[in-house]
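Protein chains: 2
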Amino acid sequence: MKKNHFFSKLLFIAFLVITLSNVYAQKINTVFHNADNLFLYGKTKPTATRYHRIDTATYNDLPNAVKKLLTHSAGMAVVFKTNSKSISAKWCVTNAKAANNLTPIAQKGLDLYIKTNGKWEFAGVGRPSNVCSEYNIVKNMDNGEKECMLFLPLYDELKSLEIGIDEGSTITSLDNPFRKRILIYGSSIVHGASAGRPGMAYPAILARKTGLYFMNLGISGNAKMEKAAARMVSEITADAFVLDCVPNPTPQQIKERAEYFVKTVREKHPKAPIILVQSIIREQGNFDLEVRERVKKQNEEITAAFNRLKAAGMKDIYLITAEKLLGNDGDSSTDGTHPNDLGFYRMAEELGPQITKILSSYNIH
Amino acid sequence: MKKNHFFSKLLFIAFLVITLSNVYAQKINTVFHNADNLFLYGKTKPTATRYHRIDTATYNDLPNAVKKLLTHSAGMAVVFKTNSKSISAKWCVTNAKAANNLTPIAQKGLDLYIKTNGKWEFAGVGRPSNVCSEYNIVKNMDNGEKECMLFLPLYDELKSLEIGIDEGSTITSLDNPFRKRILIYGSSIVHGASAGRPGMAYPAILARKTGLYFMNLGISGNAKMEKAAARMVSEITADAFVLDCVPNPTPQQIKERAEYFVKTVREKHPKAPIILVQSIIREQGNFDLEVRERVKKQNEEITAAFNRLKAAGMKDIYLITAEKLLGNDGDSSTDGTHPNDLGFYRMAEELGPQITKILSSYNIH
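Chains as they are written, first to last, in my numbering: chain A, 1 to 365; chain B, 1001 to 1365.
Don't read these hints as lab results, they were simulated from the structure. Take these hints with a grain of salt, some might be off.
Unchecked claim - In silico DSS-like links for lysine-lysine, alpha-carbon gap of 27 Å or less:
hint	chain 1	residue 1	chain 2	residue 2
1	B	Lys1159	A	Lys97
2	B	Lys1139	B	Lys1119
3	B	Lys1159	A	Lys159
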């Protein structure tokens, strides 16, 4: 029965090939882990709701618009280590309407960076679909250990987040990879409009480039330096303060509020450098003479307030002027007001060295 | 009755003041003009439906996806002159779903430039709200004559467009302000993903910077060099052809189709330079080894096809390589594939001089 023997051998080989190719092609399961246990970069202080930036219950006199905007997860990122070849996420935000000057990725999505040779390098985004989304951010990676940082939605409230990794791989929290603490209080521009993805808001670029812990307190359209906001900012533990809020208050409000605001911060932080930043030159003002004039007046008022503070003897305050922040080709914004990623890149290139130079003289580096 | 006389004088003055201040504060009405009579930059040839890029009825063998994408107004702009201090628009697109890697301004909105000292300068955007939108793009301008160029939605079909100007001011069409004709056939990147506003897609930047008439034949995800597409491209009147489609076909498709495609164009245009462009290095491939490998193979195949064409004696063909197109910091995309405005700026800075150098040697400048 030689023939029979041959066939059974053939059958066995066929069986082996099918089994092996099944094993090879087998879909690796994704296991989701709640991100609540991972280090959360960008927090100003602990909050009752994890992904809120400030517990506004403590600041009842803040305008409601400000309170709402502080529920956005702008500028925050979860930081972790994994040896998974693939990274996914499941997350929920609110049903807030899509902004017409933001990509949904920036407004409601996620943005992953992995450390390579000491540098945070872009790895992939989480594209939102609905209130709750699931997305494979990156796959087909090598199986080494990776230090990861996942930036959270800029313009929505993050309700929950889970990180998905390959079955059999591990995920652990990382210690805070950033040094010191620098608070940026500011307008929609600090908040992140109109970055294309969450990690392109300029405070996030500065953090990745410098290794410093920048806290994003951008409050879109509402960084108007109210007394309650001054108290809120002053009660944040920080080594330095950047106030990039000039685009929001009227020139008159700047005149009335800026000195009080700075003095309130100074009272609680006698030695911390406080850096004022003029408003970017809005590209809408290329032809709209009223917008151009308004920005000019805002910048005159913040300069005047700065000069009065200096004249009154306040030390450790600085003013960064606007003229070079966005370049001068008129192509740095999405809508004439909010920097696009070219604008944010230029802001980081221009503001970054000026800020870090000041901070260095305080041993903040 | 001296007293009476005084009061009637006072009354008269009060009346005058009220009348004059009413005149001063009077809202200037906006008058809308159909844009159908204005010069339309970016057209490849006349079409039955004004804002379609190609009459696909003529190319029935094109895939349906390609036909649909050619109804998008990507890369086109209406060009006009006005002395209005304010420019508005009313426009309608379809109810196509918002893309998650585009701003609604880029996908369905408008983007205005005004010529200043010979340069096209950004003036404002039209923010879409719904299927039909009305928006004041710019106001408070001086009352001089302005040469205007309004870029149309990148990723939707424009159904109608009206330009609004101040009552009493004028609007007239401009002659084509661009020289020569250069056709760019390409992927979603040529099509304009992920520009923040319509005028930031790289063919539009190149047009503004060089004064050359670039025609955008970006066909998102579907520039796969089919025979029907080769015929369509070859039948466009142009002085030069740029083929930036490598991201869409598989390496195998490039191997099978690229030479036929180029030869088909060459047959109809014996002397026109044909410039092949390698695929941008996708940032998703920073960590996704399969994406990295796929892009590498696509670029190897287009290079091999180029070399075979050269070896077979074809003249006037060029290959632009990818390595510098997006810089190397990994921050040039919105989603790992599609350039953000930093990416498009870099592409224009890198591709622009290489393309114009080639074109110059053919007296295309």
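Results of checking the hints against the structure:
no.: 1; hint: B:Lys1159 / A:Lys97; verdict: holds, 24 Å
no.: 2; hint: B:Lys1139 / B:Lys1119; verdict: holds, 20 Å
no.: 3; hint: B:Lys1159 / A:Lys159; verdict: violated, 39 Å
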